[in-house]
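Construct the entire structure; sequences and hints are all you get.
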Amino acid sequence: MSAIPSLRRSSRMVQRNLIVYKHTWRVIFTGFFEPLFYLLGIGFGLGGMVGDVGGIPYSAFVAPGLLATSCMNGAITDGFFNIWFKLHHQKTYDGILATPMRVPDIGFGEMLWAMGRGSIYAAAFISVVLLMGETAGPRMILSRWAILALPGAVFACAVFSAMGLCATTFVRKVHDFDIAMGLVVMPMFLFSGTFFPITQFPKPAQWLIQVLPLHHGVEMLRQLTTGAVDVGILVHIAYLALIGAVAFVVAMQRMERSLIK
Amino acid sequence: MIGAIRMVQRNALVYRRAWRGSVFFSFLQPTLFLIAMGVGVGRLVNRGDASLPAGVDFLDFLAPGLLAAACMQTASFESSWPISGKMTWQRTYEAITATPMRIRDLVFGELAWMAVRLSTVAIAFTAIITLFGVPRSPLVILAVPAAVLTGLAFSAPIIAYAATRKRDHFNGLFRFIITPLFLFSGVFFPIARLPEPLQTVAWFTPLFHGVELVRGLTLNTLESPAWLIHAAYLVSLTVIGIGASLWAFRRRLHA
Amino acid sequence: MPSTAEPFIRARNLTKRFANFTAVDSVSFDVQPGEAFGFLGPNGAGKTSTMRMIGCASPVTEGELHVIGMNPRTEASRIKARLGVVPQQDNLDAEITVRENLLMYARYFDIPGPIARRRADELLEFVQLSERANAEVESLSGGMKRRLTIARALINEPEVILLDEPTTGLDPQARHVIWERLYRLKRRGATLLLTTHYMDEAEQLCDRLVVMDKAKIVAEGSPRQLIEQYSTREVLELRFSDEVRAQLDGRLSGLADRIEMLPDRTLLYTGDGERTLEQVHTRNIPLESALVRRSTLEDVFLRLTGRTLVE
Numbered sequence: 001m002s003a004i005p006s007l008r009r010s011s012r013m014v015q016r017n018l019i020v021y022k023h024t025w026r027v028i029f030t031g032f033f034e035p036l037f038y039l040l041g042i043g044f045g046l047g048g049m050v051g052d053v054g055g056i057p058y059s060a061f062v063a064p065g066l067l068a069t070s071c072m073n074g075a076i077t078d079g080f081f082n083i084w085f086k087l088h089h090q091k092t093y094d095g096i097l098a099t100p101m102r103v104p105d106i107g108f109g110e111m112l113w114a115m116g117r118g119s120i121y122a123a124a125f126i127s128v129v130l131l132m133g134e135t136a137g138p139r140m141i142l143s144r145w146a147i148l149a150l151p152g153a154v155f156a157c158a159v160f161s162a163m164g165l166c167a168t169t170f171v172r173k174v175h176d177f178d179i180a181m182g183l184v185v186m187p188m189f190l191f192s193g194t195f196f197p198i199t200q201f202p203k204p205a206q207w208l209i210q211v212l213p214l215h216h217g218v219e220m221l222r223q224l225t226t227g228a229v230d231v232g233i234l235v236h237i238a239y240l241a242l243i244g245a246v247a248f249v250v251a252m253q254r255m256e257r258s259l260i261k
Numbered sequence: 001m002i003g004a005i006r007m008v009q010r011n012a013l014v015y016r017r018a019w020r021g022s023v024f025f026s027f028l029q030p031t032l033f034l035i036a037m038g039v040g041v042g043r044l045v046n047r048g049d050a051s052l053p054a055g056v057d058f059l060d061f062l063a064p065g066l067l068a069a070a071c072m073q074t075a076s077f078e079s080s081w082p083i084s085g086k087m088t089w090q091r092t093y094e095a096i097t098a099t100p101m102r103i104r105d106l107v108f109g110e111l112a113w114m115a116v117r118l119s120t121v122a123i124a125f126t127a128i129i130t131l132f133g134v135p136r137s138p139l140v141i142l143a144v145p146a147a148v149l150t151g152l153a154f155s156a157p158i159i160a161y162a163a164t165r166k167r168d169h170f171n172g173l174f175r176f177i178i179t180p181l182f183l184f185s186g187v188f189f190p191i192a193r194l195p196e197p198l199q200t201v202a203w204f205t206p207l208f209h210g211v212e213l214v215r216g217l218t219l220n221t222l223e224s225p226a227w228l229i230h231a232a233y234l235v236s237l238t239v240i241g242i243g244a245s246l247w248a249f250r251r252r253l254h255a
Numbered sequence: 001m002p003s004t005a006e007p008f009i010r011a012r013n014l015t016k017r018f019a020n021f022t023a024v025d026s027v028s029f030d031v032q033p034g035e036a037f038g039f040l041g042p043n044g045a046g047k048t049s050t051m052r053m054i055g056c057a058s059p060v061t062e063g064e065l066h067v068i069g070m071n072p073r074t075e076a077s078r079i080k081a082r083l084g085v086v087p088q089q090d091n092l093d094a095e096i097t098v099r100e101n102l103l104m105y106a107r108y109f110d111i112p113g114p115i116a117r118r119r120a121d122e123l124l125e126f127v128q129l130s131e132r133a134n135a136e137v138e139s140l141s142g143g144m145k146r147r148l149t150i151a152r153a154l155i156n157e158p159e160v161i162l163l164d165e166p167t168t169g170l171d172p173q174a175r176h177v178i179w180e181r182l183y184r185l186k187r188r189g190a191t192l193l194l195t196t197h198y199m200d201e202a203e204q205l206c207d208r209l210v211v212m213d214k215a216k217i218v219a220e221g222s223p224r225q226l227i228e229q230y231s232t233r234e235v236l237e238l239r240f241s242d243e244v245r246a247q248l249d250g251r252l253s254g255l256a257d258r259i260e261m262l263p264d265r266t267l268l269y270t271g272d273g274e275r276t277l278e279q280v281h282t283r284n285i286p287l288e289s290a291l292v293r294r295s296t297l298e299d300v301f302l303r304l305t306g307r308t309l310v311e
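Protein chains in written order, with my numbering: chain A, 1 to 261; chain B, 1 to 255; chain C, 1 to 311.
Derived by calculation from the structure, the hints in this document are not laboratory data. Keep in mind that this is a model prediction, so the values were computed, not measured. Note that the Cβ used here is the ideal one computed from N, Cα and C, for glycine as well. Accuracy of the hints is not assured; some may be wrong.
One-sided excerpt, in silico: chain A residues whose CB lies under 7 Å from chain C [to be verified]:
#1 Arg12
#2 Val14
#3 Leu18
#4 Val20
#5 Gly48
#6 Gly51
#7 Gln90
#8 Lys91
#9 Thr92
#10 Asp94
#11 Thr99
#12 Met101
#13 Arg257
#14 Lys261
Here are the simulated BS3-like cross-link-like pairs (lysine-lysine), alpha carbons at most 25 Å apart as the crow flies [as the list claims (entries may be wrong)]:
#15 Lys145/C - Lys22/A
#16 Lys261/A - Lys214/C
#17 Lys261/A - Lys166/B
#18 Lys166/B - Lys91/A
#19 Lys91/A - Lys22/A
#20 Lys91/A - Lys261/A
#21 Lys166/B - Lys145/C
#22 Lys145/C - Lys186/C
#23 Lys145/C - Lys91/A
#24 Lys216/C - Lys261/A
#25 Lys203/A - Lys91/A
#26 Lys261/A - Lys173/A
Now the structure itself:
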């Protein structure tokens, strides 16, 4: 039933969102401050009381975690509600579906948009981290591998945006968002190894954490920014790719079902 | 006074149907922060040469801070979108002022309801930190009203702001005021660790005074003139906020 | 009606079933190019479901449907490229301005920028919204939103325009503005398909229509044909006091071809209303009021289904 999205038609969705954000670009601009504030508050403020973690300064430990978080924020948090509202309340997609655009075009377009927004946050975050490390110190980018952190972050954004789109199709009421944020996004943010190594937890809890996509995003990006790259990075990448692909297929099917009756 | 109670009744009626989401928002978030930061990061902190006041554990230091912050966040959230929604989108207030209810019934009613909501948050989270063995004295009972007061000091001015807004402009409020306050007002680390000029800025933020007051009562480290300053600061902000709210409501509804 | 060309839309035993009910039950009809074709019926008759199937917004459950010679199942995008759709509920893009709605819609049809801009401005002129071009959609009145939706449906210069209840919920003045614009489109030779439960709308705009009730087509023809076939030339509407009404039985018999007792009035179907009224007077039946009027599609519907259109 569901067809392969067309890149040309999907880009129309991105274009549409660009027009919307022409009026409200400040929102894009401000989204990246949140991880930055956390970097300053937790990485430096609280980090000043911490010392090294696994041989690297605490701020260098937290920075890639927050980079992954900003991918998630950009791709999920900020777009989540908006897509749902268009799906169920404004009937925007119904209007678009009266044209040659198809459901996969719309879905993939929204995903591209979310991915782009997450990538902008990520690029801005990397730049700030690099700049702060060079001027004020301490350095948070410890290796040349970090050159791959941006493509890595874009990849993570793609995965999170597919997850966000998928999750949106399950939301029935506005209050479900609070539940999703409280039960999924917030715990992922706090327990994915963003702020402390998950080895602090007992084994079963670690296994649980290893299910979380953000954990793999954090680990992947941390390997790249600290230079502690090993074969394990392939596992993280493969897991993320799998989750992203499944989420995308499920999202498309569910969107198709709720839009075509 | 009766009028204000009617407003509380109305909000309670709505809340009966929508409490689940706010439960997560109000209790779960601080609890998750307590576990992640207090326990997870806390272990890293205790290994270093931490310089926490009165030599407490990081978890004990953090917990009362999170209590005050939870009240700030709940109060800010509940005073922004819901209030502007009732003012602009749903026109609830307009409908209510067509009855014998007066403007001050609306404002005091909303604040009374906020106090009820904040009390539930504060009591629940105080219970949680008690489970973690944080409180050092029975004075922790007083941390509940102190946390509620912290919330009201945010709620009253934000209600005034929300009542003047035609469309929601609260993203900026949360991203540039509430989040930085949460991170830099002494919840996670003593403000003495901030660079010199920022310490002064932090001292003037309402959350700092809320955190100091709640932490002092929880850990029994309160000093005599200091607590008065904290409390007076929060009460003044609340009173100013109420005045501003009355003004803003009158301007919108009696224009 | 003899078909002069390949029909633009051809439906045979077209059926739409949802999980627990049948919305459209085996309907068949043809729409010719340049025709204004109407679906008249009360809410829930299956008009919208039929329109949605034609617009490729809803899959056909059973039967045959061809739109501009193509099958909606396999060629939805190509059909949609040549249709203009005005849905029952406006689904304008609320986050962008009036003009941007048209420009963006043009992009969905792959219409190049310069052409899109020219058409958008022409269409805003056509629906009298030029002055609101940069306004937000939310600031428009119901009638303006409707006009914008119509303009949006015309952005791809469609060969067929589907209008689902184009004027429902609008005040009389706004309705007349829309009728006037639709009439212009019709004169330009556009093929119009519209659903309505307003008989005056159907009479004004439709060359030919089908009457739908309970998922089926119950009659088909031009408005005049339908009235001639299913009603008399004139109708005498009588109102009685409650007491008179209660003891009316039989006192009106033989006065008209057909008598309908509605809750608030009694309708006598007759060739000459004035004469029938005189006969009522001679029988000494006390009246509260009397009105002679021409038959309308409302009467046709009442005859066919035993119910009124708007309840």
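Hints, verified against the model:
Hint on Arg12/A holds. Least Cβ distance to chain C is approximately 5 Å, under the 7 Å limit. Interface hint status for Val14/A: violated, as the beta-carbon distance to the closest one in chain C is roughly 11 Å, over 7 Å. A cut of 7 Å between beta carbons decides the hint on Leu18/A: the least distance to chain C is about 10 Å, and the hint is violated. Checking Val20/A against chain C: minimum C-beta separation of about 4 Å stays under 7 Å; hint holds.
Proximity of Gly48/A to chain C is violated relative to the hint, the smallest CB-CB distance being about 44 Å (cut-off 7 Å). Evaluation of the Gly51/A hint against chain C yields a violated restraint, the C-beta minimum of about 48 Å exceeding 7 Å. Against a cut-off of 7 Å between C-beta atoms, the interface hint on Gln90/A holds, since the closest Cβ of chain C lies about 5 Å away. A hinted interface residue such as Lys91/A counts as satisfied when its beta carbon comes closer than 7 Å to some beta carbon of chain C; here the least separation is about 4 Å, so the hint holds.
A distance limit of 7 Å between C-beta atoms decides the matter here; for Thr92/A the minimum to chain C is near 5 Å, and the interface restraint holds. Against a cut-off of 7 Å between C-beta atoms, the interface hint on Asp94/A holds, since the closest Cβ of chain C lies about 5 Å away. A hinted interface residue such as Thr99/A counts as satisfied when its beta carbon comes closer than 7 Å to some beta carbon of chain C; here the least separation is about 4 Å, so the hint holds. Look at Met101/A: its Cβ gets to within about 5 Å of chain C, closer than 7 Å, so that hint holds up.
The beta carbon of Arg257/A comes no nearer than 11 Å to any beta carbon in chain C, farther than 7 Å, and the hint placing it at the interface is violated. Annotation: Lys261/A was flagged as interfacial toward chain C, and the flag holds, the nearest CB pair being 6 Å apart, inside 7 Å. Pair hint Lys145/C plus Lys22/A holds up; C-alpha atoms about 22 Å apart against a cutoff of 25 Å. For the proposed pair Lys261/A and Lys214/C, the alpha carbon gap of about 19 Å is at most 25 Å, so the pair holds.
Taking the CA atoms of Lys261/A and Lys166/B, the gap is about 37 Å. The hint is violated against a cut of 25 Å. At most 25 Å may separate the alpha-carbon atoms for a hinted pair to count; Lys166/B and Lys91/A meet this at roughly 24 Å. Between the alpha carbons of Lys91/A and Lys22/A the distance comes to roughly 21 Å, so the proposed pair stays at or under 25 Å and holds. Taken as a hint, the Lys91/A and Lys261/A pair is honoured in the structure, with Cα atoms around 14 Å apart against an allowance of 25 Å.
Between Lys166/B and Lys145/C the CA atoms are separated by roughly 22 Å; this keeps the pair inside 25 Å, and the hint holds. Restraint check: the Cα-Cα separation between Lys145/C and Lys186/C comes to about 21 Å, which is no more than 25 Å; the hinted pair holds. Taking the CA atoms of Lys145/C and Lys91/A, the gap is about 14 Å. The hint holds against a cut of 25 Å. Taking the CA atoms of Lys216/C and Lys261/A, the gap is about 20 Å. The hint holds against a cut of 25 Å.
Our distance criterion of 25 Å between C-alpha atoms is broken by Lys203/A and Lys91/A, whose separation comes to about 47 Å. Note on Lys261/A and Lys173/A: the hinted pairing holds, with a Cα-Cα distance of about 20 Å set against a maximum of 25 Å.
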